[in-house]
Each structure stands twice: as structure tokens, then as C-alpha cells.
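*Asks:* Read top to bottom, the protein sequences are chains A and B.
Anchor point for the first sequence: position 791 equals 791 in full-length UniProt numbering, and the numbering is continuous, going up by one each time.
Anchor point for the second sequence: position 129 equals 129 in full-length UniProt numbering, and the numbering is continuous, going up by one each time.
If you are wondering where the hints come from, they were derived from the structure by calculation, not from laboratory data.
Treat the hints with caution; some may be incorrect.
Where chains are identical, the list cannot tell them apart; a pair therefore holds if satisfied intra-copy or between any two copies.
No farther apart than 25 Å at their CA atoms in a straight line, the calculated lysine to any residue pairs in the SDA-like style are these [stated by the list, open to error]: (1) Lys107 with Ala533; (2) Lys259 with Val644; (3) Lys108 with Tyr788; (4) Lys154 with Ser85; (5) Lys219 with Phe152; (6) Lys162 with Arg403; (7) Lys219 with Trp404; (8) Lys107 with Ile797; (9) Lys159 with Leu218; (10) Lys107 with Arg789.
Number of protein chains: 2
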Amino acid sequence: MDTETQTLLNDQHSKPKQGLSLTNAENGVSFDPSQFQPRVRDRHISYGSINGAVPLPENNRDPEMPGQQAVVFRRLPQGMLSTLSSEFESLDYELCENKIFKEEESKKSPGSITKQNATRWVVVFFIGVCTALIACTIDICVVEMTKIKYGFLKKYIEKCVKENCLYIPYLQWLGISCGFAILASVLVTYGEPVAAGSGIPLVKCYLNGINVHRLHRLKTLFVKAAGVTCSVLGGLAVGKEGPMVHSGAAVAAGLSQGKSTSLGFDFGILKAFRCDQEKRDFVTGGAAAGVAAAFGAPIGSGVLFSLEEGSSFWNQNITWRIFFCSMVSAFTLNVVLSTYHGQLGILAYDGLLNFGKFPDIPFALLELPIFIAMGIIGGLAGALFNQMNYHISVFRRRFILSRWAKVLEVIVVCSVTVSVGFIMIYFVDDCKPLGAKDAVEFPIQMFCEDGQFNAVAAMWLQTPEASVRALFHDQPGTHNPLSVGLFFITYFFLACWTYGLSISSGIFIPALLSGAAWGRLVGLGLYRLTQGAAWADPGKYALIGAASQLGGIARVTLSLAVILIETTGNLSLGLGLMLTLLTAKFVGDFFNAGIYDMNVQLAGLPMLPWSAPPMCHGTQAQYIMSKPVVVLKEVERVSTVISVLEDTRHQGFPVIFEDRFSGSQAKQTSFGVLRGLILRSQLKILLKEKPFCSSPTGSTRPPIPLETFRMYYPRYPAFEDIHFTEEERASYLDLRPYMNPTPYTVPKHASLHRTFQLFRALGLRHLIVTDDNNEVAGMITRKTLARYRARICCGAIDFVELPLGGHGVPP
Amino acid sequence: MDTETQTLLNDQHSKPKQGLSLTNAENGVSFDPSQFQPRVRDRHISYGSINGAVPLPENNRDPEMPGQQAVVFRRLPQGMLSTLSSEFESLDYELCENKIFKEEESKKSPGSITKQNATRWVVVFFIGVCTALIACTIDICVVEMTKIKYGFLKKYIEKCVKENCLYIPYLQWLGISCGFAILASVLVTYGEPVAAGSGIPLVKCYLNGINVHRLHRLKTLFVKAAGVTCSVLGGLAVGKEGPMVHSGAAVAAGLSQGKSTSLGFDFGILKAFRCDQEKRDFVTGGAAAGVAAAFGAPIGSGVLFSLEEGSSFWNQNITWRIFFCSMVSAFTLNVVLSTYHGQLGILAYDGLLNFGKFPDIPFALLELPIFIAMGIIGGLAGALFNQMNYHISVFRRRFILSRWAKVLEVIVVCSVTVSVGFIMIYFVDDCKPLGAKDAVEFPIQMFCEDGQFNAVAAMWLQTPEASVRALFHDQPGTHNPLSVGLFFITYFFLACWTYGLSISSGIFIPALLSGAAWGRLVGLGLYRLTQGAAWADPGKYALIGAASQLGGIARVTLSLAVILIETTGNLSLGLGLMLTLLTAKFVGDFFNAGIYDMNVQLAGLPMLPWSAPPMCHGTQAQYIMSKPVVVLKEVERVSTVISVLEDTRHQGFPVIFEDRFSGSQAKQTSFGVLRGLILRSQLKILLKEKPFCSSPTGSTRPPIPLETFRMYYPRYPAFEDIHFTEEERASYLDLRPYMNPTPYTVPKHASLHRTFQLFRALGLRHLIVTDDNNEVAGMITRKTLARYRARICCGAIDFVELPLGGHGVPP
């Protein structure tokens, strides 16, 4: 190998100088390290940092096309709300086909490939099982504790109605709820802030390629699971479905690695899966398993949700595994829950969330305009919800910063929720006879006559899931329009206030519940108008309303339709549901983004959209790329490597064959002939392992095997702790066996559109911009591309360039 | 512009010579056209043609890694059955961002973008409606004609049983069936051979990026629709669902272009959609609409089928349109069919194929092993089916070549089908009482007593769909195990023989029917064993068997599960179905490929699989690329362009800045500095439009607008018909405004894996291999990549390199 390399080097040296570099005088640059130090320091501010990117020229024109004018991206001022956080690094979904990888590959036999494939299926099986078990635990805890809580309250309310001491159960209710809420909030706020919210936006970002710290830790998983249980028990307007997706993802990330750094053990198995790419595929499966467990809908929702929200590159093989994972998860849940309910082997429990079967209600052509109208209402209400939540989130980010303030806010919200509920129960006299059909778990008489119960109390004194079920299935006469209307208004605003608190909470159920409330109102109106026509079933309209509301808030059309169909077991309404959902999505999208996307944007996460901004074919890569670029030579001085790592925060460095630095850096257009790309993580491991050599022509020792690199994944050594002797600093590091010899590149006159497409389709992390002579001209990363955004609102397109800014806080 | 270019040219000229070219003496190559003529002729045999590809070196080693050995691809001998057809060209899914495109883009306003987007939705709406209308027409024709046919036969059979003249209805049956079969066969064989078969493999190939000729013509659509109606009426073992997918695709391709070349009119609208990329998105929607109409299952099947079988790059925006298209299609079908059946506005008809609602049968844990066992049977039976069909297809390709022979084969198959049916009816006395529950449309008494009917006759004297429905829903006692068993065996072999005939035919229904037959047998056995346990419902097992059989044949797991769930309206069986389908797929895949993939391979279609062959990280692009490469200069002599087009069959030519040809071509490693890529189709249009200039430095006239290029799409002028004067031949053609200035490239030491991934993820047509100096070293096309295949059979991987060969016949 050494002679080979030697020849190559000589070859290149003997070749006459080439390229567009400004000064050809500095040929034959030697390896004098003293030349390096200041240069690297000069290049301190570079791509990835705030000021690195070269601004677009005032009139962003293609010099070769005088008549053409490209889209001008409006530069936004740096502010807290429209800034891309520079905190988040990307994941490496690109396979680094370096020499040590190829060496390992060449030793593999077809048998080992088959074995590895089989292992993937086994791992996926366990991911499904574990996700379902966690879901079961949460579900059983919530069900049992709710029974105790509301049973206790019912006893005291019944007693106190007679004895006129209603303040006692009110205080008890307040106390119990706030207790759980505080627990939920403390767990998240002091334990693991990344576990706040539904987790779906973060999982989306992870699958998009953003490295969200601590997202998949064991602690996060625990906080998420325990936190959501407490939130639901606290009586807050939250669901437990969103967090299940995050839990599934965390389970997948943990199980697929065969080790736990938190617990400090390593089974030594599944080493081959210790890379971002493999992990991502498992996480996709885990998220699907989470959805499947939450909704008991393995087919559509599990797989579709993962696809609609998650991955960008559709591969049949991965899909089958996702599918299998969802299936196993749904099945395990089914078995455990049916056993728990004493019906072993009957497999009738279809998920955490089961809205009960709808009878086959036919629907008529006549109803389609009503569905569309409801879609419009849902879209408008959803847009309003998102806009209000946006402003609340902005307020939170500005003023609620300390931990105790966050916990305090949760207490306030919880108290308001309980108080509103209590006031409504107290003042609204909506008495219904105790029927055999409507299975209210805790019918409370309040001021009603004997044999009757207070319908409003029934809505508040149960889990939100049960309330949704009630609105879907109760007989037409059960609910008073006034009380349903009041309930909708209060719950809508409560849900909006609650989402984004420092607790683990989902938005699915609150959205469905408020939608079901106004949907039922519509249904009740139609029922009266038509004097009880068969099609004007209030329950059906509650379902349509629920779909419409959730569609308007989350804008997850396809998978949502399937989830609702699967959870209600009703296929005949499919068309109606879809029509409503599509309408709600269109109407909502006219005003603002979905709630998840809004969360992502608020947190400054550099998530890449599905496609490049429109009309950006005229914007060239050379105008958006970051430069100057910090480059390394194929065989580099150790001291240079150390100072590069110390002085920059870049995650990838192009490896060049020779240097062509002129005096003035700003005017420099080329940084050397591209030979490869090396990552910061690889350099850190190399510095730790020290495979140094004394000769600047390269090492003759066999390179460090890939095995060693995997050992460190995903927490790389902090190189500040490594000490180097003077001798080591003066020696060389041969990067050639470790660098990616064929990184993806774009020519510098490529359009933003093409650059974006390449980057997105392949899930890249670094894209090197080269000039006509294959010399490094600049660098494009996720943050570069995420900055250029087309915001479509109210029919107009706003082209903005976001500034890169300080510390982002996860949503 | 001109001066810019000039400066650039001078710049490049003054730069010292660079690169690895063997002779540096030939600097300053002038534009003397006489140098070109012989050179181009020399390069006659090149990439794209049979012998162009440079063979892999004997021991395909990476010269830089002496220890490493890459996978050796076994070269297959050229033969009819394992040859990649060189007939099929690729589609251009890559956007050509040339100057004229950018000029057009820069004139667009945000409003025009919105308008174009809205137009897409409108077009998609009409695609859905039209596809559904075609489906309705086929359905109504089949239903009505079947009624007449079997009503007529029933009358004569009933009469002749008494009068002992059964040969008369037999001959009538034979006559009617063969009449339709001949019509079906003549239509396809003499009318449009590409309409043969189910069309799903061809649509898959189209979406994969292969330009299948005449696939989307109006004539093809007509032959397909009329042909499948005749095939079904001919009583052959075919379904009408597969052809619906093809019809939908054809409708989409037609409608989205706003013109019909066949009918010779051009509405002048939708011009912006006249490119392969836009057309593909519409075709995906059309195929989904076809599935949705065929199965009445818009959610899962429409969208999922398109995704599972079709597209490779998942984009949310396209998915929503696909979803909408399926929805519109399913809805239109519903409205039309419910109107036709006199129940306007009730929307109860769920698709062409409706297997009737299953009651909610719970299933028990106990049954899961049975489901897995049935999955194994289905997988084995499916593998057997595919293997037999493969050998039949090979036989057909060898010996049944003339048109009349194809028609004759159809007649033979039809006669055998009718005869077998008649013999079974005659000899098997399976008499059942005429119940009110089992709605047999044409109960035939035969030799049964009064009040009874012949159950075997009922199976044969109806459409296959009705037979499937009967097996799913008939009471446990309805079918005699012996007759069902006999029916399965005969039908299985008949279906295998029928698929691949020169008629328009689907495989879904025959597979489901034979599966339902053996599934029901299993169910009957269990029913007897358990003495009529509630779970041992023969209908349920018929469904599982049907799924298993189809899963074993087509290996379409995910969408199939959803289709069956949607068509039977049964969600509770979802888990069982999925388990069975996955098992069947795994077992089947162990032995051979799915029937669609087998069809594709037999036809030599260069379809790219989902991922690169395993273990090919060591195989470098430079070993598989085609070279020498025919290149053109930025401003090229017209005579040279003409001779290049005349002498080669290549579809794309790299445009280079300067030439570096040495004496011996075989040793040449570089073909000039890459500047762009121009397509044959573009050159043809340019030669037709003649924007020539007299100066070798380029044209000063404004270039031909993109509008003109669109006008010719997709049938480009035959340049043989264009005449050139001597003056024209001597003038120059400036390619710069038309060429793609940023074609995708790979470095020559990139691995096959990476090359494949880039090519597949972006749907490319040409991938230029460059050396370290950005000079053209070779070319990789779809056919290059499709040649390297890993065939996995019985647990072993067989790495083969397919030869490129003669004329492929579509499956």
C-alpha cells in the first residue's frame, strides 16, 4: 500500500500546477507546521458558525445571464423567533465508504449478510414487544389510578351535595390534580427537558437528520412514560398518544445498539448497527410501533404515520420491517391487555385508544357539502389554535425561563382546568336519565333528581378518551347543546394553553375531544332540523368534527384518516373522513403551518422541508455556500489537526491533496483539490487512538479497524482530555484510510434546487461545492439549506433567509 | 453573454494543461471539423450498445488495497432468458436546468406557481373521475353480459338435463366463450401487444424510469379496457383488477398532457406538464386511482399500492395528490354504480371488487400457528405457481411467436377451461338445498333433486369474483370438500396457464380464488375437527387462504393486506392477515421472485431494484462504466452532430470544453473537461429548428425558448427526414443554452453501491463518471447498473452480470 501511495503522491507532485488559484507562485508548499497555525486561526469564523456564509449579492444574478433575475431572499433580522439554532448538529446518514470499511466489507460472506438481515428482524421484533409493554404499563396505570381518583371524588361530591360542603371535593380535586401535575412537571423540567411536549416534532427532526441531544436516552424514555401518566392523571387537557411515538423511538434507538451508556453496560452484540443510518431505520420502526400501540392500528397508521411524518427515502425493505414492527407491537398490546382484562386469547383489545365500533351508517351525497363545510370550520379553528399556541409559546420563551416558573405555570393551568370544570358542573344543570346504554363510569347526581345524572360532570370526571367515546356513541338525546357548546369553548382554550407546557403531553386527544364537541353540536342541529333522520347521527358528526379539528391542527391527512378508520372500525365513512381532512388541511395551510412544524420552527431546528423553495433555480450554490473552508491535507500534522479541532466547531473537513492558500483569504476561490472528507468524530477517535507516523508521506502500519470506531459511537471522546507529547504533536496523521474518499459534491454553479434535492434525497450532512477543476470552493450543510425558506401564507410566498443564532431550546 | 463566454474560453486556453491524459503534446486543439469525422466513427461501439461496457478485470481488485477482493460478478452467457434488452430507453426524471429553463423560471411569479399547483389538483381530479368511469363501464358490461351469457346457458342446461342433450349447452358454452376469447386475443395480438397481461409490471417499470413504448397511448387504453372485458366474458381464469391499474396510468398520462397525438389535437393547455417528471407524478396518481376503482379501497390500497410498487422517492406533496386522486376515483365509482343500481345517493358500492362484509369474527391466539402454517402453504404454492408460469413463459417466448399461434393458444386454453368446467359439473354430484341465504345467481339443478342445486356448477357458471364471494360467505355446509379440492387443483393450473397469454388479464382474482378454495378446505377441516367451533369459520379461512395465495404469488404484502381489509370491511382480522402475508412472502422469496418481477426479468426490462447488490462496496464505478464516451464540444460543428446522431444510438452526450484525444482510443482515460450534458432528443429538435451560427465561438442570437422543446414532447422529430445544405453542415451549433450545465457525476473510484444509490434516489438517466480533474472518464446509465444483479435463491446469493441483448418483448 505504501509504495502505491508513494507513487500517487509523486505523480501528483510532478504534475504541473492547475486550477484557478490566484497566485501560482506558491507551488511546492512544504509541510511546515508553523505555516498552519495562524491560517487556521484566521479561518476561525467559517461555515456552520453565524457569520460564515457569504451573503447573497444584492442583485442575485447569474453573471452569464444578464436578463435573468433570481428570487431574492429577504434577510430576516436576528431575533429569537425566526432564527435557526446553530446548536443542532446533523446525523450521518451517508455511508462512509472508506478503506477500513471496504476492508471489513470484503471479509463478509453472503452468509453473514443473511445473518445480519435476520438479526434486523429479530431486533425489530423486540422493539415492537417492548414498545407495546411500555404502552400497556402506561395504559393500565392510567386506567387504575383514574378509577381510584374519580371514584374517590364521586363519593365526596355525592356526599357533599347533600351536606352542602362542595368546597371539600373541589379542594380534594384540586389537590389531587395539582399533585400529579407538579410531579409531571418536575419530572420533565428538572429531569429531562427534552421529554416535554408530544415528542413527535423531535422524532420527525431526528428522522429528517437532526441530532437532537438526549432524545433517545433511557432517562428520557422513563421521564416520558412516567410524565405522561402523571399529566393524564393530573386531569390536564393532554393525550398519551404522541408521547408513545417518542417512547417507541427511544426503545428502538436503545435496543438496536445492544448497549446502554447510561447504565454502563455493553452486551457486545449488534455492533454492526452502531451507525446513524442503521439506527434511523430502527427508530422509524420504533416510532411506527409507538403509533401502532397507541392507536391499535398497525397497518395504516403505524406505517403511514412513519412515512408521512418521517422518512424521506422510501425503501421497500425498510417498509416491510416497519410494518412487521407495528404488527408485533399491536399484537403484543392486544395480548397483554386482553389478559389483563381477563379474556386471555380473545384478542379483542385494539389499542390504547379505542373509540368503540361505529355501526355501519350509510352516508348520502347530500352530506358531502356538510362534510366540506365542517372541514372548513376545522381548518379555521385549527389555524386559530395554532396561531394562539404560537403566541403562547413565544410568551413562554420570553418570560417563563426559570425552572420554577415552568412548574408554577403548570400548577396555574391545572388549577384553572379543575376550577373551570367544577364551575361548569356546579352551574350547568344538564340532567339525563341513567340509561343502560350509555356506560358512564362515574355518573354523578349533583342537583339532579334521583335516577338522573349530571351529563356535564360525566364529561369532566373521566379521561379525555372516555369523553371522546361518549361524544361519538351516546344516544342523540344525551347531551344538551348548551353544555356541549360550553364544554367545547372551555376545552378548546384549555387545550391550547396546555400544549407546550413543560410536561409530557400529546395533542391528539385534546384536539379530537374539542372537535368531537363541536361536531356533535353540528350533528345535534342537523338531527333537530331533519327531525331525527337516520343519517343525521350526532355521533357520526362528532367523529367528522373530531377528524376535522385534528386535521386543522396537525395537518396529518393520510395517516389520520386511517387511524380514525382503524380506531372506529368504520370503513364506510372513509370517503367522508378524507374529504373533511383534506379540506381542513387546505384551509389551515392557507393561514399557517401545522402545530408540529410550528414547534420545529420556533425551536430553530434546521429541519429540511420536502422540497426546495419554489423559483430558486436561479440561485446558485456558490452564493449560498459557506466559505472559507477549513481543509486538511491527506497526511496532516497532528498539531494542525488539534488546532483545527480546537478553533472551529465544524463537523466535517474536506481532505485535499495540496494547498493553495494565497495571502488574502477573503478573495480565495479554491482550497485545494478534493480528495475526501473526514468528520470531526473520526478525528477525535484518531487523536485518542494515536495512529501517528513520523513521515509526511504516510503510515505503513495497518490502519485502525472500523470496530474501534464503532466502539465509540455515539459518544465520542472529548479530545480536550487527551494529552499529547511534543513528539506526538510534531508527528503526522495519515487520514487516507479513514476519510470518505467519495463525498458528494455539487458544482458551484448548480442551482439551489438541485443542491437541495441531492441533499434531501440522500440524507446528507456535508455537501462539498467544487469548481470546474474539482477543487474545494465551499461547503453546504443542513443549516445552509434550512436557512432559505419559502413561507407560504394567505396565497403569497415570502422568501426569507433566516439568521443562524444562539442556543435553541427543543420544543 | 457572448463576451462572457469568450473570456471564459480564453481563460481556459491560457491555463496550463492539466489532467492525466497520456499525451500532453496535443494542446491547443483547434475546431477543425475534419478531425472529428473519423473519430466519431471510430467510437461507434460505445455505451448503450452491446459491447460498449469495459469488462470487469479478471480479479476485480482495488489497486490501492492489495488485500481486498471485491465481489466477482459471474458473467452470464447471452441467451434469451437472462439478457437485458437494449431496446428500452430511460425516462428523464432529472430536471434539466439549462439556460432556457432558468430564463423561463425567472419570468414566473409566485402567482403562476400557485396557479400551476392548483392546475395539478384539477387535472388529478379529472384523472380520478375518468379512471372511475372506465372502471364502471367495464364493470357494467361484464355484469350485464355475464347475466345474459349464464342465463342463456342455464336455460339450455336445465332443458337438456331432462332431454339428455347436454352436448348442446356444452357446445354453446364453448362457442360463446371462445368467441369472446378470440376477440380478446385478436384485440391484443393484432391491435396493441403492449396491452397484454396485467399491465402492473409495465407500469412499475415506467415509474421506475423505463420508457416503455406505446404504454400510455389511447389505443392501448382502449384495447386494455375492451380486452379485459372480453377476457372475463370468455370465462378465462382472469381478473379485471390488474388492467385497471394500467388503464388508470394511461388515463393519467393522456389527460395530463392536454393533447392527443393519436387523435391529432392539442388543447394548448397544460404545456408545463409536458416533461417526464411531471408526467410520472400524474401516472402514479392514475395508477392509484385505478387500484382505488378496482378495489374501492382508496386509502390504503390506492396510495399504498402506488408506493409499494411504484415510486421510489417519497414526497409528501405528491402523496396528497395521489390520495386525493384515489379518493375521487373511489367516490365517482360509488356514485355511478349506486345510480346504476337504482340507489342514487346512497353510496353503498365500494368498488368493482367487493367481497362482501365479514361479520366481526374474533380470532384467538390458538389460531396464529394455523395462520402461519397457511402462510407457508401459500408461499410454497405461490413459488410453484411462479416457477411453472416461468417455464410456460419461456416456452411461449421460444415457440409461440407468430400472431396466429398466440390467438390459437388462447382458443386452446379457453376450450380446456370450458371443458374442464363442464366435465366437473357433469361428474361431480354435489347437491345442496336451495337456501335463501346463499345468493347463487344461476342455481343449476343438473342431476340434483328438486329444490337442490349443483354446487360445482355454481362455481363455474359465474364470474370468478362471485366465486370468491361465495367461498368467503357461504354457510359451512354449502361446499363439499371433494368438489372444492378438485376445483382448486384445476383452477390453480388453469390460472397458471392463462397468465401470460396474449390477452389483457389480471392475476389478482385467479390467485384469490384458488387460495380461497384451499383456504376453505382448511376451514372445513377445522370445522369438522372442532365440531363447529365458532372460530373455525370456513369463510374466514377462505379469506386467509386467498390472502396467503396471492401473497405467495405477487409478494405485495402491505397494500394487499389493506386491500383485503378494505374490501371485506373487516379490521379485526388485520393481524392475522398480515401474519399470513408476511409468512407467505418470506417463504416465496426463499425460492424465487414475485410474478411481476419475474415478468420484468423475462422481458429483459432494465428495472432497478430497491437497493444496490450487497457486498458491492469494493466494485468501483470505473470498472462498470461504459467507455469510450462520445462527447460534443460546447460549440460544435453541425456535421459532427449529425454524424454522432447517425452513428450512435446513445441518448445523452457529455458536453466538454476541450478535446484531448490521443492516437489510441482504447487506452484513453479522459474525454475532456465536463461542461454539461445534452440529450439526443434536444439535439434532434435543435437540428430541426436550425439555430445555427457561422462562428465557432458561439451564437449571439437569443436561444430557442423552452416552449419549442415542449411542443415536440414526447415524440421527437426523426432527424433522418431533415435535410441540410452544405452551408448548414459547415456551420456551428451552440449547445450551451440547451445543455444541462450541472449533470450529476460520480468520481471514478466511487463504489457501485454509492453510484447505485445516487442513481436510484434521484431517478437519473445518465451519470457521468469523472476523474480527479473533473474530466469525463465514462458513462453510467440505467442499463449499466441493471446488469449487476444479486439473485437471492434458497439462502445463497448469486452475483451475476447480465449481457445486453437484442429485442425485448414486453411481458
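*Asks:* It remains to establish, for every hint, whether it holds in the given structure.
*Replies:* Status of each hint after checking the structure:
1. Lys107 with Ala533: Close neither inside one copy (73 Å) nor across copies (55 Å); limit 25 Å.
2. Lys259 with Val644: Neither: 32 Å inside a copy, 60 Å across copies.
3. Lys108 with Tyr788: Classified as between: cross-chain Cα gap 19 Å, same-chain 43 Å, threshold 25 Å.
4. Lys154 with Ser85: neither (49 Å within a copy, 77 Å between copies)
5. Lys219 with Phe152: Neither: 32 Å inside a chain and 75 Å across chains, both beyond 25 Å.
6. Lys162 with Arg403: Answer is neither; intra-copy 42 Å and inter-copy 94 Å both fail.
7. Lys219 with Trp404: For Lys219 and Trp404, the Cα distance is within 25 Å only inside one copy (21 Å; across copies 73 Å).
8. Lys107 with Ile797: between (54 Å within a copy, 15 Å between copies)
9. Lys159 with Leu218: Neither, since 45 Å and 78 Å both go past 25 Å.
10. Lys107 with Arg789: Classified as between; 20 Å across copies, 45 Å inside a copy.
Hint compliance for this structure: hints 1, 2, 4, 5, 6 and 9 are not met, and every other hint is.
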